[in-house]
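**Q** Okay, here's what each chain looks like letter by letter:
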Amino acid sequence: MVARLSRTQERELRQLLYAGSSTIDAAMNGGTFQAALTKAAEEVEDGLGADIELVCVGDTSLDERTTAIVQAAREAMVNAAKYASQRDPVSVFAESDAEHVSVFIRDRGNGFDLNAVPHDRIGVRESIVGRMRRSGGLATIRTSDEGTEVRLEMDRRSDE
Amino acid sequence: MSDQPGRMLPTVVLVDDHRLFRTGVRAEIGDRVDIVAEAEDVESAVAAVLRARPQVVLLDVHLPGGGGREVLLQCATAVPDTRFLALSVSDSAQDVIAVIRAGARGYVTKSISGDDLTTAICQVAEGEAVFSPRLAGFVLDAFSGRSDAPVVDEELDRLSPREREVMRLIARGYTYREAAKELFLSVKTIETHVSAVLRKLQLSNRNELARWASDRRLT
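For the record, the sequence lines run as chains A and B.
Positions 663 to 822 (our numbering) are the ones given, in order, by the first sequence.
Positions 336 to 554 (our numbering) are the ones given, in order, by the second sequence.
Derived from the structure by calculation, the hints contain no laboratory data.
Fair warning: this is a prediction, and the values are worked out from it, not measured in the lab.
Note that beta-carbon positions come from the ideal geometry of N, C-alpha and C, so glycine has one too.
Do not take every clue at face value.
Heads up, simulated DSS-like pairs for lysine-lysine below, C-alpha to C-alpha not over 27 angstroms straight-line [unchecked claim]:
| # | chain 1 | residue 1 | chain 2 | residue 2 |
| --- | --- | --- | --- | --- |
| 1 | B | Lys445 | A | Lys744 |
| 2 | A | Lys701 | A | Lys744 |
| 3 | A | Lys701 | B | Lys445 |
Among chain A residues calculated to face chain B with C-beta under 8 angstroms, some are [as the list claims (entries may be wrong)]:
| # | residue |
| --- | --- |
| 4 | Glu672 |
| 5 | Val719 |
| 6 | Phe755 |
| 7 | Phe766 |
Computed footprint of chain B on chain A, listed as stretches where at least three residues anywhere in the stretch have a Cβ under 8 angstroms from a Cβ of chain B [as the list claims (entries may be wrong)]:
| # | region |
| --- | --- |
| 8 | 709 to 717 |
| 9 | 743 to 751 |
Input sequences plus hints: build the corresponding full structure.
**A** Shown next as structure tokens:
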């Protein structure tokens, strides 16, 4: 509880101090991919009390396809926050530019059997794998007893 | 070094201006490292480090009297065997890069678990470089191929494809051991790559590295 409060306070302070051009751009023209992903991560942190370590390299515009990646990533973060170890942070790494976007969501849970996904985890198949496929991207999930990593990738040059 | 050969805990000086934080670190890892002194500002930190000559200084980036960077500038050359591990809550790339360039062997965020902090201290004590996911992200940004800034020193101003791969895995939250497994390399080789990246980060005069860091603060 204290950790969550301090995180929220830290975030507000940070925004006040370091509000970068990307934040201002985002407010002005509807947002960038990085701003949207950051917001999604913050919502999951606050909503589920999770600790998400988000690292972003590069940035790109937010359009229909990149919005789909943000939504899939959000779903993966929710899953990680709900089912994985509360002791270790969820690691999220996003790399994006005009040609390629990738997001990796990794938790330190016990993993799960992909072939026996319980009903309450239908989110994995539909909201992550299905959403990425429909948007011309790819989602792959690797899971073991050392944790689960969801990889979301999209080649933006292959716009249909 | 120790009169208890079975228990050679690394000696540590803990530098942070919040007593509550120091107390927390002591409670969390005090039985797994030997905290020989504490300090709360630049002046007391320099004095404590020179007196105790620890293996590792756990150094807060933001510190009254000039920040962690100032501690390094004032005493690092006098204690060549002491390694510095930077620690902060801040996201400011400029501050973190400044401490690294002043000689710190790594950077971790304050949200780190006690286990991971202990591991990081031991790695630094052995001379390894310690990169948090965030530092790896900073490095990938600073050495991105996107910029058209001229490469002055081929050796220092670029990351090799392998180094880039290692940084990406660290940014994804992989430990050195996991990165080694993923790339079919030994842990030793991963450590060598990370040390090489640390050296580039410290020595490259690539315009971008300085400009990119200051942009974050100015804009």
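**Q** Take the hints in turn and mark each one as holding or not.
**A** Hints, one by one, checked against the model:
Using a Cα cut-off of 27 angstroms, the hinted pair B/Lys445 and A/Lys744 holds, with the two alpha carbons roughly 23 angstroms apart. Pair hint A/Lys701 plus A/Lys744 holds up; C-alpha atoms about 18 angstroms apart against a cutoff of 27 angstroms. The hinted pair formed by A/Lys701 and B/Lys445 meets the criterion: a straight-line CA distance of about 21 angstroms does not exceed 27 angstroms. Given the 8 angstroms rule on beta carbons, the hint for A/Glu672 holds: about 6 angstroms separates it from the nearest Cβ of chain B.
A cut of 8 angstroms between beta carbons decides the hint on A/Val719: the least distance to chain B is about 5 angstroms, and the hint holds. For the restraint placing A/Phe755 at the interface with chain B, the shortest Cβ-Cβ distance is roughly 4 angstroms, inside the 8 angstroms limit, so the hint holds. Evaluation of the A/Phe766 hint against chain B yields a held restraint, the C-beta minimum of about 5 angstroms falling below 8 angstroms. Taking a C-beta to C-beta cut-off of 8 angstroms, the region 709 to 717 of chain A contributes 3 residues in contact with chain B, enough for the three needed, and the coverage statement holds.
Closer than 8 angstroms: that is the beta-carbon criterion, and the region 743 to 751 of chain A has 3 residues meeting it against chain B, so the requirement of 3 holds.
Figure legend: structure checked against the earlier numbered hints; every hint is met.
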